[in-house]
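Asker: For chain P, the structure is supplied; the task is to place chain S on it using the hints.
Next come the chains, spelled out residue by residue.
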Amino acid sequence: MTRYLPWIGGAALVALPFVYRSPYPLHILIIILIWSFAYTSWSVMGRFGLVSLGHGGFMGIGAYVTALAWNHGHVSPWIGIPLALLAGAGLAALVAYPCFRFRITGHYFALVTLALSGIVLQVITATRDHTGGSLGYTPERYRGGNSLWALQFSDKTTWYLIALAVWAVGLYVWHRVDRSMLRYALEAISEDEDAAAATGVHVTAEKLKITVLSAAMTALAGALYCQYQMFISPDTVSGISVSLQMVFAVVVGGIYVSLGPTIGAVITILMAEVLRISFGTRAVGWDNLVYGVLLVLFIVFLPKGILGSLLDLRRRATWISS
Amino acid sequence: MLAVHGLTKRFGGFTAVDHVSFAVEKGEILGLIGPNGSGKSTIFNMLSGALVPNGGSIRFEEREIAGQAPHRIVNLGVGRTFQIPRPFRRLSILENVVLSGFYGQGRRSRAKAFEAAERALGLVGLPTDRAATVDGLGAAALKKLELAKALATAPKLLLADESLSGLDEHEMDQAADLLRRICKELGITIIWVEHIMGVLMRVVDRVMVLDHGEKIAEGLPAQVASDPRVIEVYLGTQAAAVSAVAAART
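If you read the sequences in order, they're chains P and S.
Here the first sequence stands for residues 1 to 322, where the numbers follow my numbering.
Here the second sequence stands for residues 1 to 250, where the numbers follow my numbering.
Chain S with its partners taken away, still in its complex shape:
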């Protein structure tokens, strides 16, 4: 469904993403992990059109989308969420999502946009009444809104950017289950960028690991977790932190 070849992005002399290639199959969840500054968000921004790559190709359903405008990529069927939620505070919750449902699906009809919005809000568990405003929403609800906005565009491929940062463990599990349901029940392919390893490993089908803009590992979660290079650059610190938390809880 998505085939990326030799994707490269430089900011001045700094190469944020260096010849990264990967493919995503229809119906899977691909986890994208790596330490801060490893190029995860840069890849996302290129896939969604927010950044123009310096080299390489991005083919989505046999069509080259590298360097296309963000609104066109959305309308081709690639939806995204932002790492830090970016709701429109002057619009109500429903209007936020209706906007996506209308402009993200080729501006077909108002009625269809409202339908899509109500379905998306129902799925993530947010109120669909017209008066509900964004102002009262907490961190978890804002992330749900971000997801609903992306879903209302009827994506074939969903780019979920660090959906779980800032949530407590219960909320994290809920959100992870939601992503799994979106993939398996709605048939939406997902690329999921995440800092938090534990939950991600439980939900994704495959994992890709980045470090300093290069792909260092790719495979099933269990394989990747035992890869010595991955442990060295990334899991080492995380694994220690995870086991520390586990020890504290028992």
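Just chain P, same shape as in the assembly:
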């Protein structure tokens, strides 16, 4: 039964928009799927103790490169998105290589990546003549916003299916990494880099691989967000707050399980929506306050996150009953 569960769940998710067409819940679902993919991308490296606070930067690059290529160069997102992924991956390699080569790990690595987040945000804001600065940026509409060439769709069902597919690919990548030798190497590296090197692992290269993969995936999330929302601003797709939001959601959901980041996205986005609807403008910024408090509580009391802890409970229960 449990073997078929992912397929049954997947089929239900695919069928959902054909049965239930209410636009607002569908919009929330699309947003949840896109962010789930972004959080999964972060956790692909985060689970190995490579805590990056720079992923807001990669997400911003994904969104802005795609949109700028479209508006300024009339480059279709079909080419713009691969370019954005390359840009994100290249930036990740540029920042991470010296860190890994010179053993900047743990808190220090987090600080370097935090600076990266800030720098990307500043660059987007400062080049306002091209990017619109903090006012935000809109990709030009093409043929009334309905074109495969421009990757613009007015229909929410199409977007839902695209987001669902990308999210599924994210989970697939997570599982591929989980079953690979790379996982063994990265678990070893996260515990003891010298001992890992003594088993023949090229520590710098293996860390670089996962970082570049994670950054490219995150850039894809940014590009997708841009194409769906048709409006991006430095604060919503880039910068430190986006980076922190990723860490928070993954910690809440569960960093060591594949669906943890998704659970984290569901919880954080629903919480933000509830706060927004019930308090309106009186509660601007409250979600960040609640995030902060919850983050501390989770790290102290539930370090494996909600899903991780539930799975542990179930495992213990079956162990006791057997």
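In case anyone wonders, no lab produced these hints; they're calculated from the structure.
In this text the structure is predicted, and so the values were computed from the model without any measurement.
Virtual Cβ for every residue (Gly too), placed ideally from N, Cα, C.
Watch out, some of these pointers could steer you wrong.
What the hints assert, rightly or not - Chain S side only, calculated, beta carbon under 8 Å to chain P, not exhaustive:
| # | residue |
| --- | --- |
| 1 | 71 |
| 2 | 74 |
| 3 | 124 |
Stated by the list, open to error - Pairs of lysine to aspartate or glutamate residues, derived as DMTMM-like cross-links and limited to a Cα-Cα distance of at most 25 Å, are as follows:
| # | chain 1 | residue 1 | chain 2 | residue 2 |
| --- | --- | --- | --- | --- |
| 4 | S | 184 | S | 173 |
| 5 | S | 112 | P | 178 |
| 6 | P | 304 | P | 129 |
| 7 | P | 156 | P | 178 |
| 8 | P | 304 | P | 155 |
| 9 | S | 156 | S | 62 |
| 10 | S | 156 | S | 135 |
| 11 | S | 156 | P | 178 |
| 12 | S | 112 | P | 193 |
| 13 | P | 304 | S | 61 |
| 14 | S | 112 | P | 187 |
| 15 | S | 156 | S | 205 |
| 16 | S | 26 | S | 135 |
| 17 | P | 304 | P | 140 |
| 18 | S | 184 | S | 135 |
| 19 | S | 184 | S | 61 |
| 20 | P | 209 | P | 187 |
| 21 | S | 156 | P | 287 |
Said to hold, decoys possible - Which residues of chain P face chain S? A few of them, derived with a C-beta cut under 7 Å, are:
| # | residue |
| --- | --- |
| 22 | 182 |
| 23 | 195 |
| 24 | 197 |
| 25 | 273 |
| 26 | 291 |
| 27 | 292 |
Answerer: Relative to chain P, chain S alone:
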């Protein structure tokens, strides 16, 4: 197989290893002894690439390896164990060794890595089932795991760092026999660093003695044990301790 010339390592003003030269022949076990701080571990760390020497050369199979990265040296065929076992606790016992079997042998294939791991675990006498975790292992078993990790990289030269500290006498004898078997049956050359003299002298083919970063003696175990300089710097205290233990047992 291994030729070391004028190897030197300084930490600031302190010279930990001072122009040490020695050679290791294929198929032998060379014992490396000396009091604490005599430079044994520093030599090991330079041979395995963990430290970059300040001078001298290390030629392994006619190839200069001094200053090369640790992972490259492993892949050339020099495996090492650590003085204090450094298992990866997030991996199972089998996964610990599979990691070595995969990355230590040029990342050839998963299947070969699993084969190498199962063989190495079987040789040292640890369980090969996938679920066995590192957490339940005691000091002796952790040392065996350390050895299995090194063996899974298919080394031609094994650097065994103080494999026996912390074991009881029965475990010590077992471990010494295991090293002897690894050398004679698998044809793996071994350099063995050890504090505990008795067992080492029984197993090794040749001994080299270090004191304050310099080589003070080298030769057959019997010759070295009767060398007055060696007795002065090292054996004096140990010999007294050994005979005291022997007296207590009778």
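Asker: It remains to establish, for every hint, whether it holds in the given structure.
Answerer: Each hint, compared with the structure:
no., hint, result
1, 71, "holds, 5 Å"
2, 74, "holds, 4 Å"
3, 124, "violated, 15 Å"
4, 184(S) x 173(S), "holds, 16 Å"
5, 112(S) x 178(P), "holds, 19 Å"
6, 304(P) x 129(P), "violated, 44 Å"
7, 156(P) x 178(P), "violated, 33 Å"
8, 304(P) x 155(P), "violated, 38 Å"
9, 156(S) x 62(S), "holds, 14 Å"
10, 156(S) x 135(S), "violated, 30 Å"
11, 156(S) x 178(P), "violated, 32 Å"
12, 112(S) x 193(P), "holds, 24 Å"
13, 304(P) x 61(S), "violated, 49 Å"
14, 112(S) x 187(P), "holds, 21 Å"
15, 156(S) x 205(S), "holds, 17 Å"
16, 26(S) x 135(S), "violated, 37 Å"
17, 304(P) x 140(P), "violated, 43 Å"
18, 184(S) x 135(S), "violated, 32 Å"
19, 184(S) x 61(S), "holds, 20 Å"
20, 209(P) x 187(P), "holds, 14 Å"
21, 156(S) x 287(P), "violated, 60 Å"
22, 182, "violated, 10 Å"
23, 195, "holds, 4 Å"
24, 197, "holds, 4 Å"
25, 273, "violated, 36 Å"
26, 291, "violated, 28 Å"
27, 292, "violated, 29 Å"
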